[in-house]
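Participant: Below, each chain spelled out in residue letters.
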Amino acid sequence: MLPQGVITFLDRAATEGRTSLPDRDCSLFLSGILDSFTLVEFVTVLEKECGIRVDDAELRPENFDTISKVEDFVRRTRKQ
Amino acid sequence: MTAYITSVGAALPERVVTNAELGPMLGVSGEWIESSSGIKQRRWAGAETSASDLAAMAVANTISASGDSPERVDYLIGCTMSPDYQVPGVAPLVQSKVPGIGAIPALDIRTACCGLLYALQLAQGLVNSGAAGSVVCFGAEAQSKGLPLDRAHAEITMLFGDGAGALLVQPQAAATGISLRIDDVMVFTDGAFARDLVVRAPGSGNGSAWLSPEQLEAGMHLPRMEGKSVILHAVRKLYEAAAEILARNGLSVNDIDVVIPHQANGNLLKLLAKRMELGPDRMVVNLDRFGNTGSASAFIALWEAKMEGRLKPGARVLFLAFGAGFTWGAALASVVPGPVAVALQPD
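Order-wise, the sequence lines are chains A and B. The opening position of the first sequence corresponds to residue 79 in this note's numbering, with each subsequent residue numbered one higher. The opening position of the second sequence corresponds to residue 126 in this note's numbering, with each subsequent residue numbered one higher.
The set of hints was computed from the structure by calculation and includes no laboratory data. Note that this is a predicted model, so its numbers are computed, not measured. Among the hints, a few may not be true.
[To be verified] The calculated label-pair distances, taken between Cβ atoms and stated as ranges, are:
no., chain 1, residue 1, chain 2, residue 2, range
1, A, I130, B, E433, 16 to 24 Å
2, A, L108, B, N331, 23 to 31 Å
3, B, P149, A, E140, 29 to 37 Å
4, A, M79, B, N253, 52 to 60 Å
C-beta: ideal position from N, C-alpha, C; glycine also.
With these hints in hand, go ahead and build the complete structure from the sequences.
Facilitator: Structure, rendered in structure tokens:
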């Protein structure tokens, strides 16, 4: 599960995009919740709320495309 | 030793292409272009004007404004992503187009939108080593000629404009006016992301053919950008480069009077300014009028800052740039009394 702060960010982005949070395997990009610029802020929120540092090599949009991919990414990063 | 930027110059094509004109060509609205990029218009070079033509004008303006003669220039460093030809580079062409410049070294550096920083570091090194005494660096683009005018490429084509800028680096500040003392330059590269911002053909990395009909059909000769990746990395790396160069010089962002960034995208610059806690008045932004002029953009922004009187004696200037490669970095300069000559007249 993602921290509440991350979900709150996505909820707000969804509201601003006049949509709602999609299923955990649906694209946050295609659903209009994240774009090139909100993605930057999303990664910042993710790092802060999850207590992780996204390495440059992992700073790839595909890691943040769906809620389940984000959860996997956070889990993987925390294990390292 | 110390090196100074003693003169700056620029050249911009006459033709203004507004969003209202460009939008229908790309199948998007002008409002969408502005909200996506902050760009309202850009300049496009005419059919008979090349990157080296624009560069030669900017270089000639820079030398003229310095009060020096072209004969005294002893090194030429050029940056472009839209060269006249694949071979030779643009710098030799500029050398031949500025009357009076001798048979000096003239080289291209292919670091895309980060060109000013790489050129500045090289020029500083040449001057400090005594290998050169008057180094002219320029960035020039006629990239509109390579932009596809269709909906599939709207997000790239809407960004780019043409133009050129130049600067002169010498070991002493100029005698009158202001100069910029180059205090520090740091540049970086991460080639793991080379293909996220790329023009693949012609090239030797595409199989057996340098350029084939199949590659043309596939659009490999056109610019391709993974926008999300570029913006993710650009914001982070620009912020980190700024933080690092400030820290190693014992400065904070509050000590910076003017920030001259590569003019990538207005929304990106807003994000960066927010992250740096930088008021908008301290950042030089001209992409609303000129678009993203690639390797020329920081040169042109420097020229505009000088023309607008924003470079006051004592001011500290922070340059920031990010480009294909990925390449990125930062530079610090201090405005000192002396003369950055200016008298540049865009065509």
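Participant: All hints are to be evaluated individually against the structure, with a verdict given for each.
Facilitator: Going down the list of hints, with the structure as the test:
Taking 16 to 24 Å as the suggested C-beta distance range, the pair I130/A and E433/B does not conform, at roughly 43 Å. The supplied range of 23 to 31 Å is met by L108/A and N331/B, whose beta-carbon atoms lie about 30 Å from each other. At roughly 33 Å, the beta-carbon separation of P149/B and E140/A lies within the given 29 to 37 Å, and the hint holds. Our hint of 52 to 60 Å for M79/A and N253/B holds, since their Cβ atoms are close to 56 Å apart.
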